[in-house]
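For the protein sequence lines, the chains are A and B, in the order given. Residues 0 to 402 (numbering that gives the first Met the number 0) are what the first sequence spells out, left to right. Residues 0 to 399 (numbering that gives the first Met the number 0) are what the second sequence spells out, left to right.
Hints listed in this document are in silico derivations from the structure and should not be mistaken for laboratory results. Quantities reported herein were computed from a predicted structural model and do not represent experimental measurements. Hints are not guaranteed to be accurate.
Claimed, not checked - Computed list of lysine-lysine pairs in DSS-like fashion (alpha-carbon distance at most 25 angstroms, straight line):
1. B:Lys126 <-> A:Lys248
2. A:Lys258 <-> A:Lys243
3. A:Lys347 <-> B:Lys351
4. B:Lys257 <-> A:Lys65
5. B:Lys126 <-> A:Lys347
6. A:Lys349 <-> B:Lys351
7. B:Lys257 <-> A:Lys389
8. A:Lys349 <-> B:Lys135
9. B:Lys257 <-> A:Lys390
10. B:Lys351 <-> A:Lys390
11. B:Lys126 <-> A:Lys259
Unchecked claim - Stretch-level coverage of chain B by chain A, calculated; a stretch enters the list once three of its residues show a Cβ under 8 angstroms from a Cβ in chain A:
12. 27-39
13. 51-65
14. 73-86
15. 347-358
Note that beta-carbon positions come from the ideal geometry of N, C-alpha and C, so glycine has one too.
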Amino acid sequence: MKIYLYTIKISLIFIFISFDLKALNDKDSNNILNMDAVYNRPLIKLDNQSIAIGGYVETNTQYSIKNGISEGFSFQAKRLTLFFSSTIAKQLKFLSEIEFESGGKEINIEFAALDLEFDPSINLRGGIFVNPIGAFNQNHDGPKWDFIDRPLSATKIIPSTLSNVGFGIYGKYFVSNWVLGYETYLSNGFDDKIIYNAENRTSLSAGKANSFKFEESFSGTPMFTGKIALRNRNYGEIGISYLKGVYNKWQNDGIILDKKRNVSIIALDFNTTLIENKLNINGEVAKVFVELQEGIAPQFGNEQVGFYSDIIYNIYKGRVLNWENAKISLGFRCEFVDFNVGEFYETKTKIFDEIWSITPTLSFRPVGSSVIKINYKYEINYDILGNLPKKIGSIQFGFSTYF
Amino acid sequence: MNNIKIYIIIYISFLFMIAVACESILPTAINDDELLDGPIEGLNNEQITQFSRGDFAFNNQIFTTESGLGPIFVSTSCGSCHFGDGKGTPENSIIRFGKLDSMGNPYQILGSPQLQYRSITGYSPEKLPINALFFKVVPPAITGLGYLALVSDSDIISMSDPDDKDNDGISGVVSWGVIPKYLNPNINSIQINGQYIFRFGKKATSYNLFHQTVKAYNQDIGIASQQEPIDVWSGHEIEPEISSQTVIDVHAYLNSLKAPIQRNQSDEEIINGKKIFVNIGCGGCHKETLKTGYSDIEVLSNKVFHPYTDLLLHNMGSDLDDGYTEGSAKTFEWRTPALWGLGLSPNSQGGKFYLMHDGRANSIEEAILMHGGEATLRKLNFQNLPSKDKNNLLKFLNSL
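One chain only, chain A, in its complex shape:
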């Protein structure tokens, strides 16, 4: 019930403020926030139709060595995504995004929502959408990124792509050099696979896989997601977001089975472009809290944290072969996830279950919508006790393109 009240309150505040502020031109690229990523994609309009289509594909090869032993060479067709958007009427849009993962083994509807715009500052959205938690989850298209793998913290801590069915309100305000965006949604959420999964650890990515989540809420209680993002046209964007929902089946037909147990995520994301658009720094920190049932800690953590930061420097821009506006960039990612923050009860030693990783990258963009990437990823994996870590080095070569 609290969640409803929060949502209504927050929405009301924005509605009131909106009458005082005047919306500026929305189309300026400096006004684009992560929340706009779903519509900010190359789409092809079919002749005389209101429907536009597009998509992207991501594939790569990988050669890995784990503790000196070769894991071999493999080709990975990570994902193929199709978008359809249609402008049904003025200020009434529909967008859907369907993703085929791992060569079609998994087909997910990531987005299928109707947007109704009253004003740039007030829009209603209903359907299946990506929960606005962190920036990566909203803005995850392969061709936009200079690295082959998604950041660990954005797949294992915030389980991108996290999408759910629900509804909510969002909007943007523009004041001189500033853009402020807000989003608040209620949706279905996670299930108890957060704990009872085959990973043997607290895992939000296991808890999002519920195939019934588009039909009913596992816990019977809506999950709240909210985000506020602020962009300065000269410097960049920061966002703060929060998600909270019940993940266990606490009642069945009115019979109380258990306490309501919450999962929540708080995330901070940032993104800045400096030195005449040559240097881009972006990243995300996310913290997860899970209310566990008695006795299952410390194997299962009640707190997790993840972090990544990408630095990409454009070293060359201009003509390469026949491409007029090709770009070559060097980049570096450092990232960290801790699946289980805390101490063991018995031995009073630190609980590990951590991954540290660094990835240098070289990327080549013949055109803006396609990128060829070469990565070297070095990962150090600690088990829960912090025993001698597994070290994995992978050389990856891949491409990703909108089509």
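Position chain B relative to chain A; hints supplied.
Structure of chain B alone, referenced to chain A:
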């Protein structure tokens, strides 16, 4: 044209970087003697295939509510307690509790009540009753057990000396017990009054590795099998939650894990340390050399090996008496643990030592100083060693 050059230069330098990286930053292999896990060398193709299936079931099969976990349990897979096949920490200990009867006789029921202190949602985990007698044991290393399983009953009996006839202060008793119906006695096994020799577990309460595997699935993970179909929570017989093939594969895995390899065997100090180990009488219980009988796994058949145990129960004194027991062991009796792999214990215990049955010793020296009962004299011998010899002995133990 200039642009292409730049592109090519960058490309080449990146390739060069990768080439260098392959040499120096790709992770290098860990030496075999630093690793506990892995199969015995020389297994044939079928044996290796079965080993890998068992390895997968042991380490990667994580039980969930859907696959039958619990409803009450201690952990979710074998591997989450037996990390890298090495010793575990007090965090993964098993607690067994109950009461001795008024005559002071130990429990005769094998596999005494185990505390399942975790549960799936909607069930309450078991709590240790106040005033209940209990003991706590940490997971032992499980490597080389295939060799120990093949020591003949007659060899075990010949090492025992229940009445200390040789007057060396060390008795050593055999743990006798009744085997459950699903077990077939080993060939050449010795039976007295319907009882057989039990050799696995810290109180020697498991007959063989199959027995231990079936009990572990049932008691530690809450998984009913065809052999042990009673559900831990309800006490009723239920449908098996695991295939018999998996139990058989895990048994084969345990049987064919390699024996730990001693490191730096030619180091002077270590050679001296080994002499001291023998001279001060540690080998009275920690028997260096045993031999296997016939096995259908050829590489295990009729082999001499060095585990440093006699597989017998010993009186370890009042400090190691936890008041509760199981099987035929008395409360103060513990089965001599093998010392092979001892120095690698921290690799699976988060960089620290947790030795003795409940992990109470944080170093090898502490473990030795906790010896009492039949081992008191040997402990005194250790304490009276000149510090150089003491260090050599510890260095030797660390090389195991």
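If you check each hint against the structure, which ones fail?
none
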